[in-house]
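Chains as they are written, first to last, in the numbering used here: chain A, 1 to 118; chain B, 1 to 107.
You can trust all of the hints, since none of them are fake.
Think about it this way: if two alpha-carbon atoms lie no more than 25 Å apart in a straight line, the pair counts; the simulated DSS-like pairs of lysine-lysine are:
1) B:107 x A:43
2) A:43 x B:42
3) B:103 x A:43
4) A:64 x A:43
5) B:103 x B:42
6) B:45 x A:43
7) A:43 x B:39
Honestly, the hints are just simulated from the structure, not real lab data. Note that the structure is predicted; figures quoted are calculated from it, not measured.
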Amino acid sequence: QVRLEQWGAGLLQPSETLSLTCQVYGRSFTGFFWSWIRQPPGKGLEWIGEINYSGSTNYNPSLKSRVSMSVDTSNNQFSLTLNSVTAADTGVYFCARTFYYHYYMDVWGNGTTVTVSS
Amino acid sequence: DIQVTQSPSSLSASVGDRVTITCRASQTITSSLNWFQQKPGKAPKLLIYAASTLQSGVPSRFSGSGSGTDFTLTISSLQPEDFATYYCQQSYSAPRTFGQGTKVDMK
Numbered sequence: 001q002v003r004l005e006q007w008g009a010g011l012l013q014p015s016e017t018l019s020l021t022c023q024v025y026g027r028s029f030t031g032f033f034w035s036w037i038r039q040p041p042g043k044g045l046e047w048i049g050e051i052n053y054s055g056s057t058n059y060n061p062s063l064k065s066r067v068s069m070s071v072d073t074s075n076n077q078f079s080l081t082l083n084s085v086t087a088a089d090t091g092v093y094f095c096a097r098t099f100y101y102h103y104y105m106d107v108w109g110n111g112t113t114v115t116v117s118s
Numbered sequence: 001d002i003q004v005t006q007s008p009s010s011l012s013a014s015v016g017d018r019v020t021i022t023c024r025a026s027q028t029i030t031s032s033l034n035w036f037q038q039k040p041g042k043a044p045k046l047l048i049y050a051a052s053t054l055q056s057g058v059p060s061r062f063s064g065s066g067s068g069t070d071f072t073l074t075i076s077s078l079q080p081e082d083f084a085t086y087y088c089q090q091s092y093s094a095p096r097t098f099g100q101g102t103k104v105d106m107k
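Can you make the complete structure from the sequences, with help from the hints?
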């Protein structure tokens, strides 16, 4: 039974860096992609990007200049960094496990609320 | 980027109703289309992947169909726990875009 637990700073000032980590419990860390998705308050889901166990990444072009993802295979963790945040980056951030087959996301973290405000 | 257009944006239905939600992709995505259910304050839950494969543990009243550019999620008989927001997502290519969502509420 795979479980994802995520954490990170919940309140940021404009221009600061958002940093979130997702811990993977159970089963294998390798053999999957690991994704980040966000949801602004009252709005829909936005795919941020994905990373596999070897560090290969795909990012949303709308965020590509500010986003970075990394993996720590020894600790079964993966992380998201988003630079130069603004109020538009406020929302709930989710991590998720992604299968290579059709790239579907089957297990999700509970979400971390991030607020960007001065 | 592949755009995904989901409709309707909202619908009102009663318990026992048959509900249909559609998604249209801006280009062919073969069968790389997934459906999620989200309830307030919760993470999305995978219902259907690869257009028509039911995720383990999901009730059989949920079904998906379609290929190419046009896809459908059907709830055969709406249950009280099905009132939620539903999203489709294309996973054919990055960025793996979501539809705008369909909120299903009680009539």
